[in-house]
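Peer 1: Chain residues, written in single-letter form:
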Amino acid sequence: MPGFDFSNHTRNAALHARGVPLPKATSTGTTIVGCIFDGGVVNCEKLHYIAPQIWCAGAGTAADTEFTTALISSELELHSLSTGRKPRVVTCMTMLKQHLFRYQGHIGAYLVVAGVDPTGVGLFTVHAHGSTDKLPYVTMGSGSLAAMSVFETQWKSKMTEQEAVTLASNAIQAGIFNDLGSGSNVDVAIITKDKTTLKRGYVKPNERSKKQKSYVFKRGTTAVLNEKIITKEEISKYVTVHELGSGEATVGEKMDIDV
Amino acid sequence: MNHLPQAWGRPRDDVYGPYDSSYLQSNQSHGPTQHTQSPVVTGTSVIALKFKDGVVIAADNLASYGSLARFTDVKRLRKFAGTSIVGFGGDVSDMQYLDRLLNSLDIEEAYSTAGHTLNAKNLHTFLSKVLYKRRTDFNPLWNQVLVAGLDDDSKPFLASADLLGTTFSAPSLATGFGAHLAQPLLRKVAGDEEAAAKLTKEQAIEAVKESMKVLFYRDARSLDKYSIAVITKDGIELKEDEKLENQSWAFADQIRGYGTQIN
Amino acid sequence: MAAMFSQNPLMNGPNYSFNQAPSTSSGGNKEHAFYPYTDNGGSTLAISGSDFTIIAGDTRSTSGYSINTRFQPKVFKIGGTTSAQDDATLVLSVVGFAADGEALKERLDTIVKMYRYQHGKPMSVKACAQRLSTILYGKRFFPYYVTAILGGLDEEGKGAIYSYDPVGSYEREQCRAAGAAASLIMPFLDNQVNFKNQYMPGSGVGHELQEREKIPLKINEVEDLVKDAFDSAVERHIEVGDGLQMFVITKSGIEVIYKALKKD
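Protein chains in written order, with UniProt numbering: chain A, 1 to 259; chain B, 1 to 263; chain C, 1 to 264.
Treat the hints with caution; some may be incorrect.
Said to hold, decoys possible - Derived DEER-like restraints, expressed as beta-carbon distance ranges:
1) B:N246 <-> C:E255: 49 to 57 Å
2) B:K133 <-> C:E255: 34 to 42 Å
3) B:E242 <-> A:L78: 55 to 63 Å
4) C:K196 <-> A:R18: 17 to 25 Å
5) B:E194 <-> A:A17: 53 to 61 Å
It is worth saying that the hints were derived from the structure and are not from the lab. Even glycine gets a Cβ: it sits at the ideal position worked out from N, Cα and C.
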């Protein structure tokens, strides 16, 4: 069965009626923005991949933004394969709004869709209830007012790529410093018809200061009441043991995207 | 025979029948004293910014009745004793009550033998105590006010007080929607007291006017007619019939629908 | 045992681990009444030493997701003879609803000042602590919505800290964190001030292991500890930040130290 499983709905409704509270989903306090410049579009913070030239910034219920963008990304790729054309931003936006409208706001995804396709540059917002908006600059999330105030005072038509990136970054920073829900760093996606550039940590204005003291504990500080040693030979009776090569380079922090 | 103290000295029910209280109107049937529990006619944001020798403060001239733009010529900045300005956000009737209260305070102080005038700091203390007392009585005055002027050392003074009696002070302040839309812009020009102490009067006015413009763009309960005041040690310049200038609608010609529409 | 599977999940049936009583009464229209409290966020922290006390608080004031101001002190000198409080000997920190905090501070300050005028000597921390408790309990059914910490030096010159709940229950302690990030800071303090869960390596086996010896911390160590505690709280609690005020109380007076915290 595709889609959501509602088999627990009646039980949960009964529990809720008796006063059992609903489990809380993680909500992303966020500032997300998008801004068009000549020949492309920039998109900031909490980015999700849709297609090579289409990216989504998500606010609202974290799981909903994650799964909705993944679903639409998949459908859009199949659509693109069956039509033999590159995916379009309007198609993505329409699929998102139709999906979200069907769920009447219960899927709490608030998205900024940005991309470049053969028809040109596209920049939209999609609300959880399915309404969309099309503007040269958009903001969403708890820091959207702070970010919008920057756009409303500094935006101009016909900007260069660098101007647009700086403006969008300033808008995000207004969210970072004035909205408690928004995080500390700025991520940017710059999309042009030729390529997409992702810059995670484009600005990091909030590095943690150095600790005053050292908090290294002497070995043996923690009490051990008893210990049991299980040897490799013993454990291999129950599970398969693989030797890992030592001294492998650890993987650094990766871009937080769902590819 | 009723021996309960409540019945002492009253006509006896068994002789005269129970007291007919039907003519008594609401109070008996509606229980304890009712207070204002929500604002009715309201003013939106007040914004203010300190600069090196004073404070700039502004508020638009609209009083809304819900989503209706009901009164479009309401002055929400009030002079006090030629030393300070109070900017009112929230309920307009409560604003007018406070206005009357401040009038009597002003007269009382002018006739007193102390021989001093109240500065903005004194005024803010007074207003915050009034607001805190009223919230403690569960009878709040539904306002957030900004008080702008000078303190005891003739330094720029700016502070806020609200219906709960919460008070705070900062180089820039904004109430209501302004706290979300204008404050980020004002903090950019004056992030701390040092930055504010370097601002000129012209820079401060410019920043406040720019913020009023953004509020008009994005606050649906706002107006392009506003009042603005500059308070320095030389006195108060209050202008109550300003109009927003140089609005930018450059983005408008690019808008085509909300989704798939093209031309 | 049968009760475990009763039809009432609230009382004794199987429950969610995060279950709580119903927050809404079912049925009927709800009227939104005036609520006389708000939470202005922030955190405070106090540590006492052998001959000093440090009380610290961040300076951010919040409402919802907005910052009211980046500088509103939560720590105050109490009972000096002037408005500048230069000769004060006591320090009070209040965190919670700032308007109540302000009102409480003013009341306590007035009382301690009156005591000083009438007796010709400053009030002891012990006496002031008892008085503060009485003030808080006086509003038992309309409480001051604050967590207070009172600090100073006791009659022997040792650091003294008294911590309170909103209705006046109080206790003298070695250290205490209060406010929004109390649950983040307090375990750190237990471990670093009272050396909880720390044992001396190799001092025994199992239950014979000896606890790490409690050595009173030096003043500069405590200052570092406070800064680190707040830097960490800022990382993980949105309502804490902007600035840190440390009031250092020694026999030579009260020194106020300001340090910047992150503003995001």
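Peer 1: For every hint, state whether the structure bears it out.
Peer 2: Against the structure, the hints:
1. As the Cβ distance of N246 of chain B to E255 of chain C is approximately 51 Å, the hint placing it in 49 to 57 Å holds.
2. K133 of chain B and E255 of chain C have their C-beta atoms about 36 Å apart, which keeps the hinted 34 to 42 Å range intact.
3. Judged by the Cβ atoms, the range 55 to 63 Å given for E242 of chain B and L78 of chain A holds: they are separated by roughly 58 Å.
4. In this structure the hint that K196 of chain C and R18 of chain A lie 17 to 25 Å apart at CB is violated, the actual value being about 40 Å.
5. The hinted window of 53 to 61 Å between E194 of chain B and A17 of chain A holds, with their beta carbons roughly 58 Å apart.
Violation of the numbered hints given earlier is confined to hint 4; every other hint is satisfied by the structure.
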